[in-house]
Amino acid sequence: MTAGDLEVEAAPDDAAAAWAHVEVSRHPDRPYALDLIQRCLDDFIELHGDRQGGDDAAMVIGLARLGGHRLAVVANQKGRTLEERGRRNFGMAHPEGYRKAQRLFTLAGRLKLPVVSFIDTPGAYPGVAAEERGQAWAIAQTLEAQLALPTPYLAVVIGEGGSGGALATLLADSVMVLEHAFLSVASPEAAAAILFRDAGQKQHAAAALRLEAKNLLEWGIADEIVPEPEGGAHTDWEKTAALLRPRLEARLRMITERGFDPARRRARYRQLDGLFDA
Amino acid sequence: MSVSTAYTGVQANKEGSAFTCAACKATYPAAQVAGTLYVCPGCSHHARVGAHERIRQLADKGSFQEWDANLTGTDRLGFFDTRAYVDRLDEARARQQLPDALLTGSGTIHGFAAGLAAFDFGFLGGSLSTAVGERLARAIEHSAEAQLPFVCVTSSGGARMQEGVFSLMQMAKSVSALHELAEAHLPFISILVDPTMGGSIASFAALGDVILAEPKAMIGFTGARVITQATYEQLPAGFQTSEFHHARGLIDRVVDRRDLKAVLAQLLAVLAGPAGEIDQALA
Ligand SMILES: [Zn+2]
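Listed in order, the protein sequences are those of chains A and B. Quick note, the working numbering runs 2 ahead of the 1-based positions in the first sequence. Quick note, the working numbering runs 9 ahead of the 1-based positions in the second sequence.
Possibly wrong hints are sitting among the right ones.
[Unchecked claim] A few chain B positions that, by computed beta-carbon distances, are all more than 12 Å from chain A:
id : residue
1  : THR36
2  : GLN66
3  : GLU75
4  : PRO196
[To be verified] FRET-style restraints, in silico, Cβ to Cβ:
id : chain 1 : residue 1 : chain 2 : residue 2 : range
5  : A       : GLY202    : B       : ARG102    : 53 to 59 Å
6  : B       : GLN66     : A       : LEU109    : 43 to 49 Å
7  : A       : ALA252    : B       : GLU154    : 36 to 42 Å
8  : B       : ALA246    : A       : GLY51     : 29 to 35 Å
9  : B       : THR91     : A       : MET256    : 42 to 48 Å
10 : A       : ARG255    : B       : GLU192    : 44 to 50 Å
11 : A       : LEU109    : B       : VAL272    : 37 to 43 Å
12 : A       : THR237    : B       : LEU280    : 56 to 62 Å
13 : A       : HIS29     : B       : ARG92     : 31 to 37 Å
14 : A       : ARG199    : B       : LYS225    : 23 to 29 Å
15 : A       : GLY202    : B       : PHE248    : 25 to 31 Å
16 : B       : VAL279    : A       : ARG266    : 53 to 59 Å
[Stated by the list, open to error] Covered stretches of chain B (in silico footprint by chain A; criterion: 3 or more residues with CB under 8 Å from a CB of chain A, positions within the stretch not fixed):
id : segment
17 : 53–62
18 : 79–85
19 : 118–129
20 : 134–147
21 : 151–161
22 : 182–194
23 : 266–277
Hints in this document: simulated from the structure, not taken from any laboratory. Bear in mind the structure is a predicted one, so any value in this text is a computation, not a measurement. Note that the Cβ used here is the ideal one computed from N, Cα and C, for glycine as well.
In isolation and in its complexed conformation, chain B is listed as follows:
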């Protein structure tokens, strides 16, 4: 749930300075890595990007219309660990320029209209609060109402401990909302990016009609460190990466971020394009 230092590369860039790759440590001019969508020009490491940047990368310019912009949650448990949860929330809201860890809205992708949701890992690890769950469920429902395919980019550590069992129940909420989309026969394209763990991958994120993942993203139910501590097992090479899950039939395609918009548009062209005589008869 901690905010990774991999994020600092992007933040440094926002301030106009250079971008240092967290993987190969090479430094590049800010404008150059913005042009490669924060994929390292040298080693192709995919740096984590926030929700606003993700939408900028996927939605056609000027097409994004945010949904439920003012919807926020509350500190239901009065939670205090080493700090008050309300203080953590205030700080994250100010830093990430988001009400909580999920940005939702409608937009077009190379002309194809879709409901869009993007998690923000920099906001308390993209964790599932009641507000995140509600924003996600509403985005799914707005998509169903507007007859739009739904595209969600997940980057989430899983549960938000500070919301206790209410966080856990967001798994049920999101899956319940997805039933509406299925009943409307609309596609859900789930895109997994680094990292997608715990309650997020064990609920909505694993239920995409099509599941894509960025290269080398960490994806799994239980984190590697916890598994090692609990079982003393040796972890196989590439454990819990996108490629690992793809090889086991759990992810449809591993897609480089620089190709993601084009692949999405191709999927939407098939799934949301005009029906022919045969498939129209099924509608």
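Extracted from the complex, chain A is given alone in its bound form:
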């Protein structure tokens, strides 16, 4: 196989455009979850721990207000300094992180708080300890918890949305995606390694997976694309937050006003691909 074979499907321009999208979503100066939470929400107070022995800094949970509304918040958090990147594992959660998210869903259900999630993760942490402590089980149980949550739930993909790790906080009543964010079955590097047996084909994989935000809207996986400042969110955090905040509030209001029912959320994910007659 040569690179020439691949260009039959993914023209160089498509691959370059898809890759540029991925690079903006991963820009080192891009606002991370806490940067946006601090600018979009009021009175945010972080809570800690999964109540089962761990507190994963890659997953942040807390309480906040938005306008007049009370909220529970869950977010993937990347680190910016070398120390913080290590402590937060580049936004890749261990089982304790997913169990921390489950705790937040339970708390929100009991206290009748709407939930807003911020998604920015390359995926679940790929390590020995994570596997030993039941990474797959933790993610599966988090999927289940989201589909049983009895309160309104809004997800916002703010950067990378990688694989099952992203899905653990994505199964909301409504999903918003920042203009340069993406959601993918696997990172372009991992997909390239599987499909082409060459991680270097990441640009072609990105194009073939059609992972840009606009496709998610077309397919009904996302409900709204949130515009970013010219060039991307990294150019202006304040403007990014100013664009996001009113949309968050409008979306939450819309979910609540249309008549809320978790069975409706389950039906959304049961029928999402729209390929099969019920």
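Could you slot chain B with the ligand onto chain A? The hints should help.
Just chain B with the ligand now, with coordinates in the frame of chain A:
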């Protein structure tokens, strides 16, 4: 996602020739290993078996009634890697005699009626396509409607890359369908066989009310090779095997394939048998 060469043992057998164990390399007459359910008579290695063979092993003779036999998916992304996805699908359908990587239906197990689903690893690594997700969700729903316990044998590499984010969303679809079964208070028995990885174990397969696994099956979210490349970590002995997860409380029982039908029947006798005075009051 590649089709393992461990499969060739079974294929050779179908043609009537001898069976060579992928683990100990010993060769046995075809009829003998068919009788041991493709478990090596010498070393007890469990060879991978396809979905049709799995149903033959578990369902009482003549009891299996297939569901949604004609339900197939489409190439939503127009995907082409080194080959066109549609060509890969056509080839797998012809080779495995299945519309996609999952066979579903109703049947009885030593007389106990159940909804049954079996993954076919030889069909694009048993990966989660939209069609597989839909067949699985429908099997769960058919079981709930018919008041049947649901038994799923999973052998899956996880996501089907060629269906991109639609593959990812099958995790959500399957978990959504399982909610129906739980609401009907019907049991889900999840059986993990070699290999069960990625999106399959991180969704429906980990949510069994009872989870069984065949010996030495590889089970985990991230594959060992990827973990080594990403972290340079030393892998502990027996990493990600059935026994490894059983020791950590993640799997109820490790069951030899030759005992699997009997163990299932025992579970169903308790879970789906007649209720007594005390538990009837809870129904
Ligand atoms: Zn052997």
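Against the structure, the hints come out as follows:
no.	hint	verdict
1	THR36	32 Å, holds
2	GLN66	26 Å, holds
3	GLU75	17 Å, holds
4	PRO196	16 Å, holds
5	A:GLY202 x B:ARG102: 53 to 59 Å	32 Å, violated
6	B:GLN66 x A:LEU109: 43 to 49 Å	45 Å, holds
7	A:ALA252 x B:GLU154: 36 to 42 Å	39 Å, holds
8	B:ALA246 x A:GLY51: 29 to 35 Å	32 Å, holds
9	B:THR91 x A:MET256: 42 to 48 Å	44 Å, holds
10	A:ARG255 x B:GLU192: 44 to 50 Å	30 Å, violated
11	A:LEU109 x B:VAL272: 37 to 43 Å	39 Å, holds
12	A:THR237 x B:LEU280: 56 to 62 Å	59 Å, holds
13	A:HIS29 x B:ARG92: 31 to 37 Å	34 Å, holds
14	A:ARG199 x B:LYS225: 23 to 29 Å	26 Å, holds
15	A:GLY202 x B:PHE248: 25 to 31 Å	28 Å, holds
16	B:VAL279 x A:ARG266: 53 to 59 Å	35 Å, violated
17	53–62	violated (count 0)
18	79–85	holds (count 4)
19	118–129	violated (count 0)
20	134–147	holds (count 4)
21	151–161	violated (count 0)
22	182–194	holds (count 6)
23	266–277	violated (count 0)
In summary, the structure is inconsistent with hints 5, 10, 16, 17, 19, 21 and 23 from the numbered list given earlier, while agreeing with the others.
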